[in-house]
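Chemist: Numbering-wise (the numbering used here), the sequence shown opens with residue 241 and increments by one.
Rather than coming from a laboratory, the hints here were simulated on the basis of the structure. Be aware that one or more of the hints could be misleading.
Unchecked claim - Simulated pairs of lysine-lysine, DSS-like, Cα-Cα distance not exceeding 27 angstroms:
{"hint": "1", "residue 1": "K436", "residue 2": "K417"}
{"hint": "2", "residue 1": "K304", "residue 2": "K336"}
{"hint": "3", "residue 1": "K343", "residue 2": "K329"}
Stated by the list, open to error - Pair ranges (Cβ atoms, derived):
{"hint": "4", "residue 1": "I475", "residue 2": "L331", "range": "44 to 54 angstroms"}
{"hint": "5", "residue 1": "D404", "residue 2": "T283", "range": "32 to 42 angstroms"}
{"hint": "6", "residue 1": "A402", "residue 2": "R443", "range": "31 to 41 angstroms"}
On a predicted model such as this, the values are computed, not experimentally measured, just so you know. No residue lacks a Cβ here, since even glycine has one placed at the ideal position from N, Cα and C.
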Amino acid sequence: MSANLALAELKAFGKKSRISDLARFYKTGPGEYAEGDQFLGGTVPQTRTVASNHKNLSFEELDKLFGSPFHEARLCAAIILNLQFKAVKSLEARKKIFEFYLKQVKAERINNWDIVDVSAPWMGVYLIEVDDPMPLLIKLAKSKSLWQRRVSIILSFALIRAGDLAPTIFISELLLKDKEDLIHKAVGWMLRELGKRDVMLLRSFLANHSRVMPRTMLRYAIEKMSERERKKWLIESK
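Model the full structure from these sequences, guided by the hints.
Modeler: Here it is in structure tokens:
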């Protein structure tokens with residue numbers, strides 16, 4: 241098992257005809273959020289297949305994959321970490337995986353929305369087991385890095401599933417005036433998930449903040465409400 245073998249499999253799946261489409265879809269042009277990212281031309285199911293084939297890669301080899309210039313390699317590494325996290329039984333083992341993940345986050349290798357979204361909901365499970373996840377979440381939410389800020393709110397997905405809704409509210413308030421559309425979508429998504437657990441808490445958040453929320457964030461947050469209630473919040477927020 242090695243990063244080189246995993247990368248070779250990813251390259252074998254790649255199609256040059258897909259590269260330009262992927263580059264446009266993931267916004268890799270000058271000044272865009274993923275400027276300069278490179279693609280092999282594979283699909284996500286193919287990347288998942290490679291990850292499954294190499295799910296026992298060591299941290300040393302995973303570090304090499306995360307350091308690859310190719311998007312699919314970093315995505316593959318994140319999926320492998322998920323598989324490893326699901327497989328281990330002890331808190332100590334989960335801590336090691338989470339800390340390795342956090343190292344990649346801080347190194348700006350978890351650096352597109354799909355890599356964040358495939359990994360942070362699983363890695364966030366570790367935060368259920370710690371005494372206080374808030375210092376880490378707050379630090380990430382206040383980062384200058386778009387991706388670290390997105391990680392901060394998506395990590396809270398696991399906490400929502402565990403019934404701990406306060407962190408999502410707190411981080412959403414920190415990110416309320418963020419200028420990035422990808423943050424507006426992520427916060428709105430998490431608020432929508434929170435609303436499935438406690439719609440009254442979501443309504444309270446909207447009552448306090450709907451007039452200053454970015455429109456995209458609001459639309460994502462109210463997506464599962466009735467059409468009548470969605471119209472109400474959209475009108476009141478103007």
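Chemist: Look at each hint and say if it fits the structure.
Modeler: Comparing the hints with the structure gives:
no.: 1; hint: K436 with K417; in the structure: 24 angstroms, holds
no.: 2; hint: K304 with K336; in the structure: 17 angstroms, holds
no.: 3; hint: K343 with K329; in the structure: 22 angstroms, holds
no.: 4; hint: I475 with L331: 44 to 54 angstroms; in the structure: 48 angstroms, holds
no.: 5; hint: D404 with T283: 32 to 42 angstroms; in the structure: 35 angstroms, holds
no.: 6; hint: A402 with R443: 31 to 41 angstroms; in the structure: 22 angstroms, violated
Checked against the numbered hints listed earlier, the structure breaks hint 6 alone; every other hint is satisfied.
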